[in-house]
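Q: Chains F and L are the protein sequences, given in the same order. Each residue of the first sequence is one higher than the one before, counting from 1 in our numbering. Each residue of the second sequence is one higher than the one before, counting from 1 in our numbering.
Be aware that a few hints might be false.
As the list claims (entries may be wrong) - Part of the chain F face toward chain L, derived, beta carbon under 7 Å:
(1) 39
(2) 41
(3) 56
(4) 115
(5) 117
(6) 119
(7) 200
(8) 214
(9) 218
(10) 219
(11) 229
(12) 236
(13) 237
(14) 265
(15) 292
Stated by the list, open to error - Straight line, CA to CA, 20 Å or less: simulated EDC-like cross-link-like pairs of lysine to aspartate or glutamate:
(16) L:90 / L:155
(17) F:244 / L:269
(18) L:64 / F:271
(19) F:244 / L:44
(20) L:244 / F:6
(21) F:64 / F:6
(22) L:244 / L:269
Simulated from the structure, these hints should not be mistaken for laboratory data. For each residue, glycine too, the CB sits at the ideal point set by N, CA and C.
There are 2 protein chains.
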Amino acid sequence: MAQIYERVALIGLGLIAGSMALAIRRNGLAGEVTGYARTEATRETARRIALVDRVCDTAVEAVKGADLVVLCVPPGAMGAVARDIGPHLKPGATVTDVGSVKQAVISAVGPHLGPEIHFVPGHPLAGTEHSGPESGFATLFVNRWCILTPEAHTERAAVENLTALWQGMGANVDEMDAEHHDLVLAVTSHTPHLIAYTMVGVADDLRRVTDSEVIKYSASGFRDFTRIAASDPTMWRDVFLTNKDATLEVLGRFTEELFALQRAIRQGDGELLFDYFTRTRAIRRGIIEAGQDTAAPDFGRVGPKS
Amino acid sequence: MAQIYERVALIGLGLIAGSMALAIRRNGLAGEVTGYARTEATRETARRIALVDRVCDTAVEAVKGADLVVLCVPPGAMGAVARDIGPHLKPGATVTDVGSVKQAVISAVGPHLGPEIHFVPGHPLAGTEHSGPESGFATLFVNRWCILTPEAHTERAAVENLTALWQGMGANVDEMDAEHHDLVLAVTSHTPHLIAYTMVGVADDLRRVTDSEVIKYSASGFRDFTRIAASDPTMWRDVFLTNKDATLEVLGRFTEELFALQRAIRQGDGELLFDYFTRTRAIRRGIIEAGQDTAAPDFGRVGPKS
Chain F
1 MAQIYERVAL
11 IGLGLIAGSM
21 ALAIRRNGLA
31 GEVTGYARTE
41 ATRETARRIA
51 LVDRVCDTAV
61 EAVKGADLVV
71 LCVPPGAMGA
81 VARDIGPHLK
91 PGATVTDVGS
101 VKQAVISAVG
111 PHLGPEIHFV
121 PGHPLAGTEH
131 SGPESGFATL
141 FVNRWCILTP
151 EAHTERAAVE
161 NLTALWQGMG
171 ANVDEMDAEH
181 HDLVLAVTSH
191 TPHLIAYTMV
201 GVADDLRRVT
211 DSEVIKYSAS
221 GFRDFTRIAA
231 SDPTMWRDVF
241 LTNKDATLEV
251 LGRFTEELFA
261 LQRAIRQGDG
271 ELLFDYFTRT
281 RAIRRGIIEA
291 GQDTAAPDFG
301 RVGPKS
Chain L
1 MAQIYERVAL
11 IGLGLIAGSM
21 ALAIRRNGLA
31 GEVTGYARTE
41 ATRETARRIA
51 LVDRVCDTAV
61 EAVKGADLVV
71 LCVPPGAMGA
81 VARDIGPHLK
91 PGATVTDVGS
101 VKQAVISAVG
111 PHLGPEIHFV
121 PGHPLAGTEH
131 SGPESGFATL
141 FVNRWCILTP
151 EAHTERAAVE
161 NLTALWQGMG
171 ANVDEMDAEH
181 HDLVLAVTSH
191 TPHLIAYTMV
201 GVADDLRRVT
211 DSEVIKYSAS
221 GFRDFTRIAA
231 SDPTMWRDVF
241 LTNKDATLEV
251 LGRFTEELFA
261 LQRAIRQGDG
271 ELLFDYFTRT
281 RAIRRGIIEA
291 GQDTAAPDFG
301 RVGPKS
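Using the sequences and the accompanying hints, generate a full structural model.
A: Encoded structure:
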């Protein structure tokens with residue numbers, strides 16, 4: 001694949017940045033990749049496993065001369081990083097990010113970037129429940145979506161280069177406005193995560209059922225919630241604090257709907273329950289047809305049919 | 001493995017019965033397995049794939065001379081089946097079931113069984129989102145738990161034989177009383193399923209986000225909910241109608257907890273959110289250590305580390 005950027009700087013070296021570094025290298029998408037992480041321990045690890053070509057001790061050093069700077073820190077830390085590096089960016093460089101919320105990141109980062117910088121906010125919809133520089137892998141983005149939310153005045157060439165980079169790493173790229181992104185993600189990601197966290201918290205806390213019972217019997221449904229409830233606490237705290245309005249809107253709809261089902265259970269309305277459960281099956285089929293999950297029973301955690 | 005029963009009758013030929021038939025055959029646990037399903041179509045399919053040794057056209061015929069009768073129909077249908085077969089059971093036979101709720105099944109089935117019948121209610125905590133006679137596989141129960149809820153006066157030999165059958169199919173067996181079972185399952189299975197159904201329903205119904213967006217971007221968390229929300233609607237309707245009290249109790253705790261987190265989001269209480277999300281990570285670790293899920297990122301749906 002053709003090289004797209006001469007130099008790419010990754011600020012923050014966790015799961016996403018690590019996977020980008022490996023995917024960029026494997027696909028020959030950049031001449032050099034530099035990296036910076038806040039803690040000495042993470043920088044050490046990144047050096048030991050040669051995650052990027054050069055691990056720098058400051059963010060300023062990492063972005064020097066970079067054509068593309070990717071902010072891979074939790075949403076709540078984006079503003080401070082942008083303030084630090086803003087004055088040191090190469091004129092004409094593109095800045096993007098991988099944050100799970102877009103409006104708040106744009107408000108925090110935008111003011112620190114000069115008029116000669118192209119700011120193209122982004123969000124790859126990919127991840128696992130693991131975090132840290134050693135959790136990345138080159139194929140994380142394959143057949144996953146990356147959403148870009150550039151403003152109308154942004155130079156198209158900058159958007160197109162970034163699109164080519166994500167496509168080069170195997171992703172599909174969509175564009176939408178930041179507000180719509182935040183609502184779509186509140187539905188497909190943020191509210192599901194909050195609900196999973198809540199369910200796991202309730203199970204942990206119920207006096208009449210022990211933790212060891214919850215763990216032993218988790219294959220009956222509960223364990224499907226625990227993977228996403230094991231995601232990085234710092235990132236998720238920031239997501240909820242920065243995508244407050246959309247999350248609260250979807251949560252409001254969720255509790256309304258939950259109360260309707262709860263009432264049906266209390267009143268013994270089997271017809272309502274049956275119709276509801278039939279409708280939700282169709283969504284699952286759509287996801288499998290779109291290649292966003294496997295139809296293998298139980299995600300392939302059980303043996304093959306025999 | 002040694003044969004445990006001369007003749008086993010499976011009433012209802014869906015995922016669980018189909019898997020039992022294959023596991024019993026593979027491990028040589030019974031001399032003959034008969035089967036009955038309510039619809040002609042299911043019986044035809046079962047005959048075509050030779051799921052059991054003999055597919056019968058009535059439940060009465062299937063249980064004739066059986067040493068073990070396994071009721072594999074939805075919880076709401078157990079009572080009617082028991083009434084039909086009750087007078088035709090072999091004296092000294094054991095009757096068990098695989099229903100996801102126990103108190104309601106015991107109330108529905110118990111009165112139809114004579115004093116010479118050993119009733120040992122059971123519940124294998126295993127399944128996939130698929131249903132029907134062709135969805136079964138012989139390894140479904142391997143390293144999964146099966147909970148038996150016999151009453152104190154039940155003959156131990158009957159409980160021990162049934163335990164040996166489940167162990168012969170690869171399962172671990174626990175005993176507890178029916179009321180506790182229903183509460184444990186309300187936490188680990190029934191409430192998680194209701195919540196997953198609700199979340200999928202909300203996503204399907206939100207006017208400002210299209211179904212195709214929900215499907216495209218589901219890898220960001222939502223899809224983990226859709227597998228369990230694709231489970232059999234009839235069975236789940238019955239589960240909620242028959243385990244009403246325990247489900248409503250856990251749902252009450254769930255909404256209480258959800259409101260606390262919602263309030264923290266509204267008030268910007270990052271510390272509460274961070275602490276909560278850190279605590280739930282530990283439960284996930286427990287599940288992996290107990291062998292009830294894999295630590296592979298994203299359930300192995302993504303490529304290996306590279």
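Q: None of the hints should be skipped; say for each whether it holds.
A: Outcome of the hint check:
| no. | hint | verdict |
| --- | --- | --- |
| 1 | 39 | 17 Å, violated |
| 2 | 41 | 19 Å, violated |
| 3 | 56 | 24 Å, violated |
| 4 | 115 | 32 Å, violated |
| 5 | 117 | 28 Å, violated |
| 6 | 119 | 22 Å, violated |
| 7 | 200 | 4 Å, holds |
| 8 | 214 | 6 Å, holds |
| 9 | 218 | 5 Å, holds |
| 10 | 219 | 5 Å, holds |
| 11 | 229 | 4 Å, holds |
| 12 | 236 | 5 Å, holds |
| 13 | 237 | 4 Å, holds |
| 14 | 265 | 5 Å, holds |
| 15 | 292 | 5 Å, holds |
| 16 | L:90 / L:155 | 16 Å, holds |
| 17 | F:244 / L:269 | 12 Å, holds |
| 18 | L:64 / F:271 | 35 Å, violated |
| 19 | F:244 / L:44 | 54 Å, violated |
| 20 | L:244 / F:6 | 62 Å, violated |
| 21 | F:64 / F:6 | 12 Å, holds |
| 22 | L:244 / L:269 | 34 Å, violated |
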